[in-house]
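Number of protein chains: 2
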Amino acid sequence: MHTRITELFGIRYPVIQAGMVWVSGWRLASAVSEAGGLGLIGAGSMKPDLLREHIRRARAATGQPVGVNIPLLRGDAEDLVHAVVEEGIRIVFTSAGHPGKFLAYLKDAGCTVAHVVPSVKHAMKVESVGCDAVVAEGFEAGGHNGFDETTTLCLIPQVVDAVGIPVIAAGGIADGRQMAAAFALGAEGVQAGTRFAATDESSAHPLFKQKIVEASESGTVLTMKKIAPVRLLRTPFAQRALEAEAQCANEDELRELLGSKREMQGMFEGDLEEGEFEAGQSSGLVRDIRSAAAVLTRLLTEYHAATAGLPAISVDLGGDA
Amino acid sequence: MHTRITELFGIRYPVIQAGMVWVSGWRLASAVSEAGGLGLIGAGSMKPDLLREHIRRARAATGQPVGVNIPLLRGDAEDLVHAVVEEGIRIVFTSAGHPGKFLAYLKDAGCTVAHVVPSVKHAMKVESVGCDAVVAEGFEAGGHNGFDETTTLCLIPQVVDAVGIPVIAAGGIADGRQMAAAFALGAEGVQAGTRFAATDESSAHPLFKQKIVEASESGTVLTMKKIAPVRLLRTPFAQRALEAEAQCANEDELRELLGSKREMQGMFEGDLEEGEFEAGQSSGLVRDIRSAAAVLTRLLTEYHAATAGLPAISVDLGGDA
Numbered sequence: 001m002h003t004r005i006t007e008l009f010g011i012r013y014p015v016i017q018a019g020m021v022w023v024s025g026w027r028l029a030s031a032v033s034e035a036g037g038l039g040l041i042g043a044g045s046m047k048p049d050l051l052r053e054h055i056r057r058a059r060a061a062t063g064q065p066v067g068v069n070i071p072l073l074r075g076d077a078e079d080l081v082h083a084v085v086e087e088g089i090r091i092v093f094t095s096a097g098h099p100g101k102f103l104a105y106l107k108d109a110g111c112t113v114a115h116v117v118p119s120v121k122h123a124m125k126v127e128s129v130g131c132d133a134v135v136a137e138g139f140e141a142g143g144h145n146g147f148d149e150t151t152t153l154c155l156i157p158q159v160v161d162a163v164g165i166p167v168i169a170a171g172g173i174a175d176g177r178q179m180a181a182a183f184a185l186g187a188e189g190v191q192a193g194t195r196f197a198a199t200d201e202s203s204a205h206p207l208f209k210q211k212i213v214e215a216s217e218s219g220t221v222l223t224m225k226k227i228a229p230v231r232l233l234r235t236p237f238a239q240r241a242l243e244a245e246a247q248c249a250n251e252d253e254l255r256e257l258l259g260s261k262r263e264m265q266g267m268f269e270g271d272l273e274e275g276e277f278e279a280g281q282s283s284g285l286v287r288d289i290r291s292a293a294a295v296l297t298r299l300l301t302e303y304h305a306a307t308a309g310l311p312a313i314s315v316d317l318g319g320d321a
Numbered sequence: 001m002h003t004r005i006t007e008l009f010g011i012r013y014p015v016i017q018a019g020m021v022w023v024s025g026w027r028l029a030s031a032v033s034e035a036g037g038l039g040l041i042g043a044g045s046m047k048p049d050l051l052r053e054h055i056r057r058a059r060a061a062t063g064q065p066v067g068v069n070i071p072l073l074r075g076d077a078e079d080l081v082h083a084v085v086e087e088g089i090r091i092v093f094t095s096a097g098h099p100g101k102f103l104a105y106l107k108d109a110g111c112t113v114a115h116v117v118p119s120v121k122h123a124m125k126v127e128s129v130g131c132d133a134v135v136a137e138g139f140e141a142g143g144h145n146g147f148d149e150t151t152t153l154c155l156i157p158q159v160v161d162a163v164g165i166p167v168i169a170a171g172g173i174a175d176g177r178q179m180a181a182a183f184a185l186g187a188e189g190v191q192a193g194t195r196f197a198a199t200d201e202s203s204a205h206p207l208f209k210q211k212i213v214e215a216s217e218s219g220t221v222l223t224m225k226k227i228a229p230v231r232l233l234r235t236p237f238a239q240r241a242l243e244a245e246a247q248c249a250n251e252d253e254l255r256e257l258l259g260s261k262r263e264m265q266g267m268f269e270g271d272l273e274e275g276e277f278e279a280g281q282s283s284g285l286v287r288d289i290r291s292a293a294a295v296l297t298r299l300l301t302e303y304h305a306a307t308a309g310l311p312a313i314s315v316d317l318g319g320d321a
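Taken in order, these protein sequences are the chains called B and E.
Just so you know, this note's numbering puts 125 at position 125 of the first sequence, and the rest follows in order with no gaps.
Just so you know, this note's numbering puts 37 at position 37 of the second sequence, and the rest follows in order with no gaps.
For the record, the hints were derived by calculation from the structure and aren't laboratory data.
Keep in mind that this is a model prediction, so the values were computed, not measured.
Misleading hints may appear alongside valid ones.
Where chains are identical, the list cannot tell them apart; a pair therefore holds if satisfied intra-copy or between any two copies.
Cut-off 20 Å, straight-line C-alpha distance, at most; resulting in silico cross-link-like pairs (EDC-like, lysine to aspartate or glutamate) [claimed, not checked]:
1. Lys121 to Glu214
2. Lys226 to Glu245
3. Lys225 to Asp148
4. Lys107 to Glu86
5. Lys225 to Glu243
6. Lys107 to Asp79
7. Lys225 to Glu256
8. Lys226 to Glu243
9. Lys225 to Glu245
10. Lys107 to Glu87
11. Lys121 to Asp148
12. Lys261 to Glu251
Between the sequences and the hints, there should be enough to build the whole structure, so can you do that?
Here is the structure:
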């Protein structure tokens with residue numbers, strides 16, 4: 001498959017494994033890249049030294065390009081950026097902050113940079129500061145989410161109409177039919193998180209992987225809307241957060257309820273009672289735990305079947321459209 | 001274009017204009033059907049006698065099949081159902097109630113029946129009672145909406161996997177790229193509301209049509225979540241409803257705020273301050289007011305371009321998917 005995204009990143013297939021806290025270390029990222037997609041190490045849950053170690057291991061595991069996702073709101077984001085460049089990474093996805101923050105430094109170092117956004121306005125900003133691509137992420141996405149609640153189906157074509165740089169669709173994509181849908185909307189690549197969280201190589205706790213597989217289409221909820229909207233599996237903690245919101249908890253009360261360690265407690269340690277489990281609505285479509293390579297192959301096979309099966313228009317529509 | 005939906009309804013193109021209160025009378029429905037889609041008269045804002053008049057006018061205006069949408073929660077739903085059958089309508093879309101309620105009567109009268117649902121569970125119910133097709137409608141849809149907030153991108157493939165009857169995708173669809181996306185997901189037809197509300201033949205107030213055209217991708221909000229979730233344009237009334245929810249208004253307070261005439265005040269009378277304007281997230285993609293036929297032609301032209309432009313997979317993927 002050939003798109004501007006495969007060309008930009010030097011990859012065989014325009015499928016990107018999202019950088020995910022506690023879930024996408026060197027093992028998952030290198031497996032995806034080795035299989036022909038683009039794996040991203042999620043720096044959001046790593047100190048700079050640990051990130052360096054993951055980068056070294058990923059580079060030892062595959063000769064293919066591997067990227068890193070850096071949430072720019074991290075207090076030590078600058079250290080993470082330096083670590084990435086010094087360890088030889090040349091593909092960086094930034095998120096959760098101003099896309100221009102370290103862009104000149106990254107571009108000077110020869111990096112290709114994409115930035116994640118939830119809206120058309122933010123996508124235009126990403127283009128205007130000089131990023132190479134934009135990831136447009138819809139309401140159905142797992143983890144942190146925009147305030148406008150625009151879905152992937154509505155967001156992607158509007159972003160495609162608004163910017164000239166290539167658009168990567170994210171949010172809700174776990175199978176090849178959805179990948180085909182994203183391309184029909186004008187995307188030139190897809191980013192999948194939840195689907196790759198439930199793979200052999202993911203560092204998600206086994207209980208987290210299992211809960212993704214068990215989830216139905218209504219198995220996730222968007223909560224913490226007053227402080228930082230986040231989509232979680234519907235576990236006891238998520239239920240308590242929803243109840244607090246229903247009782248009009250204020251921002252301080254929500255912050256206190258949230259605490260600071262729940263992502264690790266949930267996704268990494270498998271604490272089903274107290275932990276947070278970030279996952280997208282696509283959980284309902286994840287029905288097994290496979291190797292990352294098998295997931296990628298199946299995505300592409302399903303993509304092929306979905307595009308081959310599209311009904312054709314057989315009549316001349318004339319010129320009045 | 002040929003799918004099970006075109007065959008079921010005897011139409012040229014698998015594009016259905018949603019039944020919409022105050023918006024889709026005989027003029028819009030007959031224009032869509034005459035152009036080769038399926039127009040639905042929205043009975044939700046009509047008394048039985050007015051519905052009969054709309055059906056007669058539609059049947060006088062086109063020899064093509066026209067359908068009627070009936071919300072089953074209406075107190076006089078039975079009278080509407082009788083009116084529809086007696087006036088010779090043979091395509092009925094039901095919504096907002098149990099899909100089996102009048103099904104035997106409708107089927108005995110020779111009707112083809114589809115029912116609108118927001119979830120996989122409801123879709124399975126629709127199939128089990130014996131409906132001919134199911135409309136699966138995502139979170140981005142205008143007007144009344146499900147509680148689970150599942151988006152069209154995630155809902156359609158899961159419904160397609162769960163039922164054998166043909167699936168019509170609804171929610172967020174205003175252009176041909178999105179139509180192609182819906183078909184890639186496995187739908188065999190699409191239903192569009194907001195796009196057809198902003199046409200010459202729609203009975204929406206001119207100010208409503210204009211506000212749809214002006215809306216950005218974040219121009220709608222889902223509100224009244226405690227009583228009956230509804231997606232509205234972000235007008236002063238919608239803003240007041242959001243504020244009441246943010247202050248934890250209870251169900252009674254929300255019902256009092258809502259009152260009973262706001263749909264008519266808004267969509268039909270154009271009262272921008274007090275009215276309700278039901279519209280989907282696809283409003284951001286509606287950029288002009290055209291004839292229904294021109295909208296349909298453009299949808300199909302864009303569909304053709306979107307499907308023709310899909311990147312192919314050129315390698316043998318092997319058998320390990």
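Results for each hint:
no. : hint             : verdict
1   : Lys121 to Glu214 : between (36 Å within a copy, 15 Å between copies)
2   : Lys226 to Glu245 : both (9 Å within a copy, 13 Å between copies)
3   : Lys225 to Asp148 : both (11 Å within a copy, 16 Å between copies)
4   : Lys107 to Glu86  : within (13 Å within a copy, 70 Å between copies)
5   : Lys225 to Glu243 : both (13 Å within a copy, 14 Å between copies)
6   : Lys107 to Asp79  : within (16 Å within a copy, 68 Å between copies)
7   : Lys225 to Glu256 : within (14 Å within a copy, 26 Å between copies)
8   : Lys226 to Glu243 : both (14 Å within a copy, 13 Å between copies)
9   : Lys225 to Glu245 : both (8 Å within a copy, 13 Å between copies)
10  : Lys107 to Glu87  : within (15 Å within a copy, 69 Å between copies)
11  : Lys121 to Asp148 : within (11 Å within a copy, 27 Å between copies)
12  : Lys261 to Glu251 : within (18 Å within a copy, 35 Å between copies)
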